[in-house]
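For the sequence shown, counting from 1, position 141 maps to 181 in the working numbering; every step adds exactly one.
Where hints are given, some of them may not hold.
Unchecked claim - Heads up, simulated PhoX-like pairs for lysine-lysine below, C-alpha to C-alpha not over 20 Å straight-line:
(1) K754 <-> K766
(2) K754 <-> K1047
(3) K705 <-> K766
(4) K774 <-> K705
(5) K705 <-> K574
(6) K1009 <-> K1031
(7) K1031 <-> K1016
(8) K766 <-> K657
(9) K800 <-> K766
In short, the hints are calculated from the structure, not lab data.
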Amino acid sequence: MPPEDENTALYVDEGVNFSVQRDQEIPTPADDEILIETQFSGTNPADIKHATLLGIYPAVLGYDFCGTVLKAPPSSAFQPGDLVAGYTPTGINRPPRYGTHQRYLACPEDMVFPVPAALPPHHAASLTVVAMTAADAIFNIFNLPLPRHDNQARTTKPLLIWGASSSVGLCALQLARASGIHPIIVTASPERHSLLQELGATRCFDYKSSSVISDIKATVRDSQWGPLTCGFDAVGSQKGGVGSAQLVAECCSEDATLVSVVVQSDSKFKMPIATPNMDVVIKVQNVPFPITIPARPAGYQRAWCALTWAVENYGVDFRLPSVDLFEGTAEEALEELKAIADGGRCVKRNIQCAFPKAISTLEDPPLLETPEFIHSTLLLDDNPTLISSGSGDHATFDEHHVRSFEDLAATTRSDEQHREDLSMYLAGHPGENAIHPHVLSLPSQGLGDAMAVDMSISLPSGGSVTSISTREDNDELPSSQSDFSMPEEPHAHRFCCTLFPETRPDEDVIAAENCGHVRPIADNLYRQICDFWKSQQCSSCASPFISLSFLNAMVQLYFEHHDPWMSFIHPSSFDTEDASWVLILAVASIGCQYSNVERSELYVLGLQDLLQKALPKDATETIALDQMTLAQCLLLRNTALLFSGYEDEILTSQYQRNMLTSVAKSVSANVAESIPSLDDLDPYERWRRWVGLESQRRVVYCIYVIECCYWIFKDAPSSMTLDDFKIALPCRDKLWTSNFEQWQECLPTRPESKDRPSLKTAFSNPDLLDNLLNDNSGLSNLVILLTFNVEERRLLRSTQPWFAADMATGLNERKLYKWPDELVSFRTALDDKCDPTIKRFSMLTPIVNNAPTFLKVMFHVTNILRRTPLRCLYALSGWQVTVDQMTAAATSLSHWMQQNPTLAREALLQATTLFGVLYDETTGPGSHHLAFLTAGLYIWAYCIVGGEDSATGANGTRKISQRPLRPDKGVPDDVKNSWIQSTLEAPVYVKGVGILNGPESAIRVLKGFRLALSSHRSWPSLRHGLIYSISEVIDGRFASLSPELKSSGWRKNVDRETRA
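Working from the sequences, and respecting the hints, build out all of it.
Printed below as a string of structure tokens:
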């Protein structure tokens, strides 16, 4: 039967004004949707509060429904005339056709089920939300077996349901019974115990009893049921400061899985969601960016299977004890919705009035402060339509939930402890399960029984900070995204010995990685390394050592992949048999980061551990290494620590930096004071001496590069200044890479170093600086570029003293995310001085064709971070911050992008260019992984908080249709400048992501980053850590440290435990 012309609906407009619309357009279903004439529905506070609190407007109200199919897709399992029920999607820009408080609606077919004869239609309209919420807890979080149609055997797994007579509690009880779980222990008012036992409860307890906790524990103990390992708080309420969740936790074992229908401060509690089938985007009050609740398709399928079972067995093995009806006009119905949203209840108005209460309107009165699920039928102008019980995430959105979010900031501030300045270290201290508010509804409290939540964030000092977070049971990364295979119960312990895998690496792989860049390692040097390894082993730690062929291949890999990044070891260093075995070990430990051998991460850790033992622990320890070799070894060791994914190694790098810079300053002083005359030496000896001098200069400047990387990537300032660099800058690349014969041709008379200025001299003479930029020295140009960046940072930092009045209001936000107004003129002057020189770097020719050099990568990174503090991007991802700090970062970044659209667009082009360049680079150094992260985070942030929509300009006008800009392919300067200045409007294409179109593309950016990084093979621990952290953000949590990366000592003993 075709729909009639009139479609009456309950509606909220752009001004958040609620009204009855009698001329609502008849919905047009999409290709995969069904057109339905509504019959019944239920009410819920979410019907109103999703508009007032989550920004879901304009929209037709309502979610749950039961009705008759009018039109279905050709391949649909449904036919016109079928009676169906289900619920509809939610989120910002929710189409009017999804509202169920109207005569006609459209619904995706996969959210609809046929209503059997045994299921009354008004019960069907009341079922989906509560059953799906309970199913997500029982079958996804507790991971209990799905119910079957046959008599399921008992599974001994004690389950506690607190508040079992609530709507979700009733559903959870019956689903758990159908799953064969025994025993099922419940709490409720005594008058409900008989019904709950009929529905499957093994034992019932009075929640109001002062001895309820001890009674439950005694029963479990006396019945020998074992510890309570599953606890479900189905009410989520408070009683004089003691919440139902806390009572559940006290009853259960320490390692129990705990669930609550609302957000809890206890990090052990998770919270279920009723619609994990699709992403949901909302806009929370006072949060300047949209928030996305990510989909969990697999969890949705399991929960839907449980719902299907409940529908098919309704009236026999599953039922809602009480569902009543309400009748009235559309205007009266709208008033009812408002009353429910305000915490009130439907009242009789000389008409039949009822609602599907859980069991009693006074259930758990001291604890339950929220309205129960209220389901009712509404007659709109004598035409039956629906009032949905659904909510934004299709779980109850009630007053208590909303208050939780409003109180969150105060709770956070009161609990917060002062942090150390470690927030930029990508292996840190926030709780691994902290939530990421951009991809999780911050007021998930307001989404009722909808989210798994963790509110604990660890601090470096050992304290805790309140924050929100989601948890999912099955959040493991795909195997393609991880190089690790970890034991279930880690033991963070460092054994005394350096262990390598027992299984020998594939000799074919080793042969393929022997690139032949330098002379093979001599047998006597290999024996020295082997002897040192044996001296570090105890009698109880039997383990094989690496072969000579393996060691040689790792050295060759270093010169294949790492040396072009930052060259300071001349290949001729390995030509003699008196080379340093410690240096060989250090080089191999870095080369192994690029290896394809199986379990390469364990070889990396073994080599690094052995190198650490061979190096001095502090300045007082003597070692048989000359000063330059020590500097080279320390530089390689610190490079590994800087780009490690392990928390303990990153922290170790902080104090080892001091030794590194001290050695660098000592080497620099020696070179400056004692440059020998080479004129009287024969040509070959002159070359050998020159290589030694140039190596010393290069190791000093490369140490400076690493120090700059600490500042750029970790926000940890360097102690080295221009005054420390009075030695000549590194020579041209062609000269450095030449052998003796080539060197003679390039430099027939005397070493070039006498003619090259020092870094300090160059920066005091603009003409010298200009000439150097015309030179072909990649390392020299890199040093100059980084010096511009760090000196600029020093100047800006000096203008923002910590005691400045404008910063005194919040120490936790001091200098983290703000662009103070009083710095505008200073910043402009600085730009005028630096920009012309910095822009010259964009024209420098790469050393390796078709490959990103470190100079090119750092050019883009520094240009992005000149405008956007990296800690602001990290804070936006939830890394080591509270919700307040994350919101402050989002607000600051959004304000800056809106006030400086030209700079924001310029940085976006830098980021998209860098992202495209690094997307396919599979063997880049660790710095490239962090640069890739920086580019991805900026693009993601631009999409979320500040970037213009690709289709609509800032003034609301339609943009000119243009072909997308492809920064990865190169954009002509005139086109680039026109786009930056907004005189040319065109979308931007990002490799691996697609065309940017505002918040909708934000998650695609992170997924593209994860996919690309998963195919890379270098620096496995850092890569794994980044993949884990970004996956946390994608899945709706704060970015956090992988549990597998807490300790390299723990990781190094995985192989040992496996063998045992």
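Here is what the structure says about each hint:
| no. | hint | result |
| --- | --- | --- |
| 1 | K754 <-> K766 | violated, 27 Å |
| 2 | K754 <-> K1047 | violated, 23 Å |
| 3 | K705 <-> K766 | holds, 10 Å |
| 4 | K774 <-> K705 | violated, 27 Å |
| 5 | K705 <-> K574 | violated, 34 Å |
| 6 | K1009 <-> K1031 | holds, 10 Å |
| 7 | K1031 <-> K1016 | holds, 17 Å |
| 8 | K766 <-> K657 | violated, 28 Å |
| 9 | K800 <-> K766 | holds, 6 Å |
Violation of the numbered hints given earlier is confined to hints 1, 2, 4, 5, 8; the remaining hints are satisfied by the structure.
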